[in-house]
Amino acid sequence: MMENTAPNSVTKMMLNVIYALIPGVIAYVIFFGWGVIINIVIAVTTAIATESLMLHLRKRPVKPFIMDGSAVVTAILLALALPNLAPWWLTFIGVAFAIIIGKHLYGGLGYNPFNPAMIGYVLLLISFPLEMTIWLQPDNNIGFTQNLSHILNSSAKDLNIDAMTMATTLDTVKTQSGLGQTYDTIRANHSILFGQFAGYGWEWINLMFLLGGLWLLYRRVISWQIPVAFLISIATMALIFYPATSTSPIYHLFGGATMLCAFFIATDPVTASTTPNGRLIYAAGIGVFAYIIRMWGGYPDGIAFGVLLMNMAAPMIDYYTRPKAFGES
Amino acid sequence: MLTAIIALSLLAIAFGLLLGFAAVRYKVKSNPVVDQIDALLPQTQCGQCTYPGCRPYAEAIAKEEADINQCPPGGEATILALADLLGKDPKPLNEKNGAHAEKTVVYIDEKVCIGCTLCIQACPVDAILGAAKQMHTVIASECTGCDLCIPPCPVDCIHVIPAVEEKDKVSVKVPFAPLLFTEPNA
Amino acid sequence: MKAIIEQAKHHFHGGLSLDGHKQLSMQHAISAALIPDTLTVPLLQHIGRPATAIVKIGEQVLKGQCIACIKDDKNTVTAAMHAPSSGKVVAIEHCAIPGMLKQSVDCIMIQTDGEDRWHPEIQPIAEPFNLTRDDLKQAILEAGIVGMGGAGFPTHLKLVQEKPVETLIINAAECEPYITCDAQLIQEQAEKIIKGIQFILHALNINHCFIGIENNKPDAIQALRQAIESIEQPPTKQQCFIKIVQLPTRYPAGGEKQLIQAITGKQIPINKLPRDLGIIGHNIATTFAVANAILEGKPLIERVVTITGDNIAQPQNKWVMLGTNMQQLLDTCGYQKKSNDEVIMGGPMMGAHLDSADYPVIKTTNCVLVKTKPIQTTSLPCIRCGECARVCPANLLPQQLYWFVRSKDFDRVQDYQIFSCIECGCCDYVCPSHIPLVQFYRYAKSEIWNQEADKEKSDHARQRHEFRQLRIERKKKEDAERKAKKKAMLNKKQGIDTSAEDAKKSAIEAALKRVKSRQTEQSAVAKNTDNLTEQQQQKIAEVEQRRKNKTRQNNNE
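Chains as they are written, first to last, in our numbering: chain A, 1 to 329; chain B, 1 to 186; chain C, 1 to 557.
Think of the hints as simulated: they come from the structure by calculation, not from any bench.
Heads up, some of the hints might be wrong.
Far from chain A, some chain C residues (derived; all Cβ distances over 12 Å) [as the list claims (entries may be wrong)]:
1. 258
2. 313
3. 387
4. 395
Cross-link-like lysine-lysine pairs, in silico, DSS-like; alpha carbons within 27 Å at most [as the list claims (entries may be wrong)]:
5. 103(B) <-> 408(C)
6. 22(C) <-> 137(C)
7. 133(B) <-> 477(C)
8. 137(C) <-> 96(B)
9. 133(B) <-> 408(C)
If you want the footprint, here are the derived chain C segments under chain A, 3+ residues with CB under 8 Å [claimed, not checked]:
10. 191-198
11. 209-219
12. 470-479
Where is the CB? At the ideal position from N, CA and C, for every residue including glycine.
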């Protein structure tokens, strides 16, 4: 009505998040091809279908909850986390699980303790480790139809595509440093994977997500505590262990899903901490876990696990960081 | 293989013993004092809980002979408070004991009253003023609405009326489900 | 006197920047009051107990005449009422009054005669600055002045204090959108306002005050400055200074606690009042009423009201006689009623939504606002975004309060300080799920108060019940004692010594017992008393003799 800063409806908030994701998605398509768009379409369709089904089963009004856009955002975030050549059923299972188990089992919008997109991602990561690593290399020239046919029918062995799949930058750095190589050596050996200051392609994608996130901050859709605390935390961890692991803070900040997490995943209001100080602790915790898993854990990117672990801690963090009310001594 | 089995079994036994010891040693003895329970009851002394008054009901709860959801005048608030005190789960009011109703008081129709004092003897809080062959009157501010005076009256001159809400008592009702909200036009 | 103007050094947490819509109603000067045909004067236009009417139906009253006064102890929270115009009292009956809650109180209806004649006793007070503090308090009590910012607390109770007061804060913030009555009053009557402030300073025995005013009122600030600079120091011992503190335009800067924090940096502790910190606050329109009462002897019978909103052709500020019907007021401002309009007394954030405009203007009516009714739709669940906590001026966690109220956990709700909530509506406003948060908090507060009242009642009932049981026990005991006594007396009268009778009875009983026991004994009697030898017989005779001698000896002693 009169407040001209924060948009005051859930739909508006979600729409703004979707707008902020667009630059990053465009960068994604430029570097990695059309696979991600197909995945997004499959994911969004699945999300809306499963959400309608669940609302109908739970005897809730369907229209207002579909229109709030939260399922769509969950779907897009999950699709962005999946490899660009993931078979359609992978996306489908992940999104269906995220919406049905990750969200509606707990009571629907506002009641889920865990980030649905991350729950779906972790399920897929643990259940289908092989399919979760079929990434197309950057700057491939695989056309839209080839992407589509591979996603829809992954059993058809397309030699062109098979020749062009490889691990991501993060993955490569992890496995090679596990073999004792330093970052510079890895960079020299796998130069196709590295760009100006971080993983090739990924640095631009992260930069675009950063810009989108800053726009969200400006529009007051998210508050500054979570992105700032997370980025500082992961950069600090990288700085502390820089000599040992030889991966610079810049590499971590612009590699993998860091910026996506900072501005879009960790800021999910339902599952994050709510008090201002609590948000700082929550986001810092995610940064710490993400770095540890990246460096010494079993997976190339630890964002998902970090988020889920801190989701568990969020209620306790809220309790202990309650602000003093006016006049409370 | 064998070592693994033995090791796990030993660990299991050890932890089991530890847990058992802790369960016994640190068991929280809940000793709800009858006074504490009685303080939560509405003191209507109506007997709807099947006990002759609030204190006997409180004693029965303390002895675990009665459940916490037998008090209609107390309603949901009392059940929640008792559940909180005793560490039990709250449950809905037992319909067999009656339904939660709005507060009422009684008044005596003075044209019909014969001054028999049966109602005065029945009132658990001495809210009826009167004497033999003298007019009986209910002091409305003291009446708890237990209705125990109505059966003894031989001429049926006692009537139930809704309690007048004091001016200070404001009840703001909120629709809990579905919630209504207003969408700004501008 | 030198005027000091400075920016506020502190700020309060949260708050909102709202579009003011202030220019809408400030196009013209404040127009004069119209004399309506009937005036409805409720006996409760303030916090506290209703006043007691002292006029009868049919009585002729003159303008400014006291028609209801304080019959209780002078320190009871109540205020006097006066006739806003001359006329005849036609009725004293229960009517609905405008407010947050549906209340109805006795109202005095006056039919005006159009002549608007002042009561002859309404005279300016000679040498007002020589009045003692108690005289000032009495004059304000008799003028029926209450807090005109909306709360309506009787002003005379906020003057002479037992505890020492250090700071006087005048609330000229007027932070709610649409309302401009205070701003225009300041622009037109700044000198009188300053004089009113001086009287209050004198009553409180302090020499400085702060005027808190939002910086979207530059004209009002200038007017105040000029007025302060134009007055000479009054002939009192103290030199006073008045500081104008400019506040950033942020709702709710006019909330008393928020204003005090912004000006002094102090937070009023929970469950305490500003006076516990030596601070007293008054609304700026109240100071004008005080000046009127002291300088001209006029009681509070009219005030400035902002009439504004949608569908009003001439939104403006008007002088309005208390008791004027709001519908009439709207009509004089060119109100075109639409079917989905609603009338609000006050501002859009905290005003009372009225079901119609058929209510009298009362002392605390600062604005009659017409807004198009918003469309009602279902709200979504809380998404825990935390916006509500960001804007809460009382630094509470509205989200947690909401969850606790939903689960009816009234203990936790109090732990999270629900009674510090000033119901400003900021949280409501920013909630993306459009949850009516303020309604939940009002519900919780009323439930807690009701539960406390119920507890008192039940404690009282328990006491009566226990006493009754005691009484019955005592009665039983007394009855039993009385019966026993009476029986004793009766028997005495009849010549029977009941005590001897009793003793006889017990003697007989004892004898019977002995016989019985002897009978049983004899069946187990010793068998060796027959066939005694001579030696044994001699021994027995000796023992018997000794026994006889001993008994004789005992008898002789």
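Results of checking the hints against the structure:
no.	hint	verdict
1	258	violated, 8 Å
2	313	holds, 23 Å
3	387	violated, 6 Å
4	395	violated, 5 Å
5	103(B) <-> 408(C)	holds, 20 Å
6	22(C) <-> 137(C)	violated, 35 Å
7	133(B) <-> 477(C)	holds, 25 Å
8	137(C) <-> 96(B)	violated, 61 Å
9	133(B) <-> 408(C)	violated, 49 Å
10	191-198	violated (count 0)
11	209-219	violated (count 0)
12	470-479	violated (count 0)
Checked against the numbered hints above, the structure breaks hints 1, 3, 4, 6, 8, 9, 10, 11, 12 and satisfies the rest.
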